[in-house]
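Please build the complete structure, drawing on both the sequences and the hints.
Residue numbers (UniProt numbering): 1 to 947.
Honestly, I wouldn't trust all of these hints.
Said to hold, decoys possible - Pair ranges (Cβ atoms, derived):
hint: 1; residue 1: Q116; residue 2: H89; range: 18 to 26 Å
hint: 2; residue 1: Q440; residue 2: V262; range: 50 to 58 Å
hint: 3; residue 1: V703; residue 2: I920; range: 31 to 39 Å
hint: 4; residue 1: E678; residue 2: S411; range: 37 to 45 Å
hint: 5; residue 1: S157; residue 2: T376; range: 41 to 49 Å
hint: 6; residue 1: A389; residue 2: S157; range: 27 to 35 Å
Rather than coming from a laboratory, the hints here were simulated on the basis of the structure. A virtual CB, placed ideally from N, CA and C, is assigned to each residue, including glycine.
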Amino acid sequence: MCLLLLKKDQSFAGRPSDFRTPHAYNIWKEREITSLEQLIHSYAMRQSYMSGEQIGARRLKMEASAAESMRDEDIAAAFEYIPAKATQHYRMLVHKAVTHDIVNSQASANSISVLQLSSFAKDLLKQLSIAWRISASYRETCYLDVINEYYEQDLLSSAYLLDAFGKVERIIHLMSPMEWLVPQYQYLLDVESRIEYRALGCTQDAIEELDQQRPETSDQLKRILRALVINDASSPVVTKKPMPNVPGRRQEVMAALEPSIVYRCECLTRQCFGDEAFISSSLDGYAQLAALVLRDYEWCLLLFSMPLLEDGDRRYDIAGIVAEIETEHLYANLKRHIDQFGYSAEGSDTEATLELCRLVSKIEELHSRYSAAPLTGIDTRRLFKETVAIWLRGIDREKAKWAENALKQDSSPRELDIGKHSTSVIDLISCFSQQTTTVQRLLWPDMETKAWFLTEFMKNVDISFKVYASVMLKQFMACLSLPVEGEEARSPGWNSMWNRRKYKEQSLNLSSSTQAAISKLDQSHVVGITAEACIKLNNLAIALDKLYELQEDLGVRETMAALGGDSRPSINGPRPDTFLLSFKVIRAESLEMYKNQYDSAADTSTQPYVKLAVTRQVNSEVTKRSTFGKTRPAPVGVANPRWNESFDLQVSSREEFLAPLEARVCTRDGPKRLGFREKTRARAFFAPPSELAFGVDGSVDVVLDLEPTGHLLLQVTMDGERDDVEFYSGRMFRFLERTMSDMQQRIVEQVSTGIHDYLRQILVAQPARYRASRILNSSYVGIDRGIERSIQFLKRGGHQAPATIRVTQESCCEALIPLIDYLEDSLHTLFVHLYDDTANGVIVKVWGEALLTLEDILLPPLHGTSKGSAKALTEADMQNIFDCLDFLKWYFGGGADKDGISEDVLVNRKYQELHMVREIYFMTSKELMDAYMQELRQSATQPSEET
Numbered sequence: 001m002c003l004l005l006l007k008k009d010q011s012f013a014g015r016p017s018d019f020r021t022p023h024a025y026n027i028w029k030e031r032e033i034t035s036l037e038q039l040i041h042s043y044a045m046r047q048s049y050m051s052g053e054q055i056g057a058r059r060l061k062m063e064a065s066a067a068e069s070m071r072d073e074d075i076a077a078a079f080e081y082i083p084a085k086a087t088q089h090y091r092m093l094v095h096k097a098v099t100h101d102i103v104n105s106q107a108s109a110n111s112i113s114v115l116q117l118s119s120f121a122k123d124l125l126k127q128l129s130i131a132w133r134i135s136a137s138y139r140e141t142c143y144l145d146v147i148n149e150y151y152e153q154d155l156l157s158s159a160y161l162l163d164a165f166g167k168v169e170r171i172i173h174l175m176s177p178m179e180w181l182v183p184q185y186q187y188l189l190d191v192e193s194r195i196e197y198r199a200l201g202c203t204q205d206a207i208e209e210l211d212q213q214r215p216e217t218s219d220q221l222k223r224i225l226r227a228l229v230i231n232d233a234s235s236p237v238v239t240k241k242p243m244p245n246v247p248g249r250r251q252e253v254m255a256a257l258e259p260s261i262v263y264r265c266e267c268l269t270r271q272c273f274g275d276e277a278f279i280s281s282s283l284d285g286y287a288q289l290a291a292l293v294l295r296d297y298e299w300c301l302l303l304f305s306m307p308l309l310e311d312g313d314r315r316y317d318i319a320g321i322v323a324e325i326e327t328e329h330l331y332a333n334l335k336r337h338i339d340q341f342g343y344s345a346e347g348s349d350t351e352a353t354l355e356l357c358r359l360v361s362k363i364e365e366l367h368s369r370y371s372a373a374p375l376t377g378i379d380t381r382r383l384f385k386e387t388v389a390i391w392l393r394g395i396d397r398e399k400a401k402w403a404e405n406a407l408k409q410d411s412s413p414r415e416l417d418i419g420k421h422s423t424s425v426i427d428l429i430s431c432f433s434q435q436t437t438t439v440q441r442l443l444w445p446d447m448e449t450k451a452w453f454l455t456e457f458m459k460n461v462d463i464s465f466k467v468y469a470s471v472m473l474k475q476f477m478a479c480l481s482l483p484v485e486g487e488e489a490r491s492p493g494w495n496s497m498w499n500r501r502k503y504k505e506q507s508l509n510l511s512s513s514t515q516a517a518i519s520k521l522d523q524s525h526v527v528g529i530t531a532e533a534c535i536k537l538n539n540l541a542i543a544l545d546k547l548y549e550l551q552e553d554l555g556v557r558e559t560m561a562a563l564g565g566d567s568r569p570s571i572n573g574p575r576p577d578t579f580l581l582s583f584k585v586i587r588a589e590s591l592e593m594y595k596n597q598y599d600s601a602a603d604t605s606t607q608p609y610v611k612l613a614v615t616r617q618v619n620s621e622v623t624k625r626s627t628f629g630k631t632r633p634a635p636v637g638v639a640n641p642r643w644n645e646s647f648d649l650q651v652s653s654r655e656e657f658l659a660p661l662e663a664r665v666c667t668r669d670g671p672k673r674l675g676f677r678e679k680t681r682a683r684a685f686f687a688p689p690s691e692l693a694f695g696v697d698g699s700v701d702v703v704l705d706l707e708p709t710g711h712l713l714l715q716v717t718m719d720g721e722r723d724d725v726e727f728y729s730g731r732m733f734r735f736l737e738r739t740m741s742d743m744q745q746r747i748v749e750q751v752s753t754g755i756h757d758y759l760r761q762i763l764v765a766q767p768a769r770y771r772a773s774r775i776l777n778s779s780y781v782g783i784d785r786g787i788e789r790s791i792q793f794l795k796r797g798g799h800q801a802p803a804t805i806r807v808t809q810e811s812c813c814e815a816l817i818p819l820i821d822y823l824e825d826s827l828h829t830l831f832v833h834l835y836d837d838t839a840n841g842v843i844v845k846v847w848g849e850a851l852l853t854l855e856d857i858l859l860p861p862l863h864g865t866s867k868g869s870a871k872a873l874t875e876a877d878m879q880n881i882f883d884c885l886d887f888l889k890w891y892f893g894g895g896a897d898k899d900g901i902s903e904d905v906l907v908n909r910k911y912q913e914l915h916m917v918r919e920i921y922f923m924t925s926k927e928l929m930d931a932y933m934q935e936l937r938q939s940a941t942q943p944s945e946e947t
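This is how it looks when you write it as structure tokens:
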């Protein structure tokens, strides 16, 4: 009968009107016919083994024509064993089975395992489902419905609900819900809606009390939401296919959760602002609020994230929904605050506001990840730049205090065991380097904004360390008893060398010429190099190293490269005609200012200095002359003074570039206590080299012819001035390097003055008798008149035992022994208290001055009153000079150990030139001309020979 009615499309189990489409009905019909035919065949086979009249035998043999003539009432009466509402009766039986086998048995069962229906209940329900034509989709949905009923009453745990979902999932994978009967499809939708309503209610409770939630407590809720997505009757997940995305479902879930999320936002706002929300102009609370919003998002990701929610349907992406609503709520409040108080963050904590700018950028990015509608109404770049400007103004206000406090609380390395520098340099560096953490953490809106900040920041660093370097220089000169600009030189304040030298204790008989040389050496202004002076020099060396590290940490090079490198525009607009000219005053030659009737030790007129000035046109009739550079006074009695000092001149137009420049060599007459007057000894007018007019970033050497006599060597460099970080950092580094070089040069000058005077005395004025030069081994004891000397100034530390040698009259003239003692007293402190690179730099310069002194002796000035005691040298004099040179080279090289200055540095160009002078010194003019012409011919033919 069921089969016949099904073929007539009149089956009570399903008719065409019960399906969405005819195609779905036909598929179901074919399955149902196949199932019924299998049941009939199975039932007929069983009847052949039975005897007598059996129930249903008559109905099996009913003809199709008889069924066709039956009315609906007759058909209903024919199914006497199928109730009128079979599905309702089936649900009642499932409810009783679940109550008996699961709910009532929980107390005696293991709480971990999920109980199942008994075998009797399963068999009974299976027979009834066959007899009553109950589909599998309805059976599993009915079981899910009953389990959910007890779950809502808290009589069953969520594990039973997930188990029931698993049964539904298996049916859905076999047959899509779109092919189900419409009533059964709607039944599943209704059951899932009730489950979803409860799950969203639990989610609302979790959001409102988000701080109290833990991942382990939300695990079952996540699994239920996942099951709802997988078993969604409207768009179930299909294996090996992308997850479908149901339009509008996310908005429905968001609408359900929005009241709880808004309540959460209000709680966070009260937590950050208290009762003063939207009243205070400070932005500090918003930084905290933004951090809490991002924290809520991260916490929701941990509580509700599932891999299934990351591709396709995001209806239950709780973290994304919370992030979208909370970010919009925060953004709206922040916009209201800015509309009321403006973008200026005055009164706010700068770090908090900068953190807010960073967090707002992250919030905008987070919102765009979940919403197609962008957040608008706040100019985040303007807010960022306003905050950075306040930050820079704060640094500008504090930089003077930083430098003052660093210098005021300065402690020496002996007190803190921090190396060879004092605390002031580290304290000042730390004040600026502390800002780098914030710079690295910020999300800069663009490279132009970062470059603008770095430019303004480096301006402050530049100013602070210029002040610091100037103070270090002043303290350095005080430590060396050197006069500050405009003051009279102070007495060195130490006893005569004769009374303190080592050789007096050795009772070596000294010749009268040597005693006269020692007296001359005693009269020189020997510098007492102290540990405090070395600390000042070390401070600048450390400052340079740390500032280079600071520049690297700030990412200056990367930022400039991102803006175009050398072709980048100026940060504050183009300035094509603005340049920075740098003039380095190197040395003067052939000056005539030394007067024999004056005592050079007391007459300050023998200490020349150079002044640089520029004359600019104020208007058509008025010009203005201004001095932009002045060197320190050169040491007393130097024939060709060296300064090696640099000065900057800013040129803002091409007209200023062509303005006349003046260089003057000046002296001061008389000591300061008697009043002094500046005298111009020589001068020269000049203009910047024409080569620099055709391009920037060039360097040209200029030799000025002074009037009335002499020459001045300058090095002129021009840099195109850009208002950016590289310009200010470069200017700062140049100033520090110049100051450091100046401090080194002052030590060198003081030491070299004694070397110069002493060598001239023993080699020119009163030459001593030399013997064959040789250095004896330290174990040699055959000469009783030997004197032990400790060569220790090149040793790196004060704890290392110095190398001891025997210096005898057989190995070196006794006249050099006081000079060695002089160098020991002057230079050993450098290697104890200076860092290696700095100490080596000073020692190399002292060696260079010794070479220049010997050059002045070999090739003295031969014109004017400045030629001094120049005279032609004999073979013996030449031998004495080069014996002295060899011994000094051996000494600076570290003696027999050779652990001093390297050979490559000692044998420099000047050293080689001196040996060349020795070869040609006694040649006649004709021989010199012939040798010169031969070299010209060789240089002319050499290229062709190479070809």
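Verification of the supplied hints:
1. For Q116 and H89, the hinted distance range of 18 to 26 Å is satisfied, since their beta carbons lie about 22 Å from each other.
2. Between Q440 and V262 the beta carbons are some 36 Å apart, a value that contradicts the proposed interval 50 to 58 Å.
3. In this structure the hint that V703 and I920 lie 31 to 39 Å apart at CB is violated, the actual value being about 24 Å.
4. Evaluation of the 37 to 45 Å hint for E678 and S411 yields a pass: the beta carbon distance comes to about 41 Å.
5. Taken as a hint, the range 41 to 49 Å holds for the pair S157 and T376, whose Cβ atoms sit roughly 47 Å apart.
6. For A389 and S157, the hinted distance range of 27 to 35 Å is not satisfied, since their beta carbons lie about 60 Å from each other.
Comparing the model with each earlier hint shows violations of hints 2, 3, 6; every other hint is respected.
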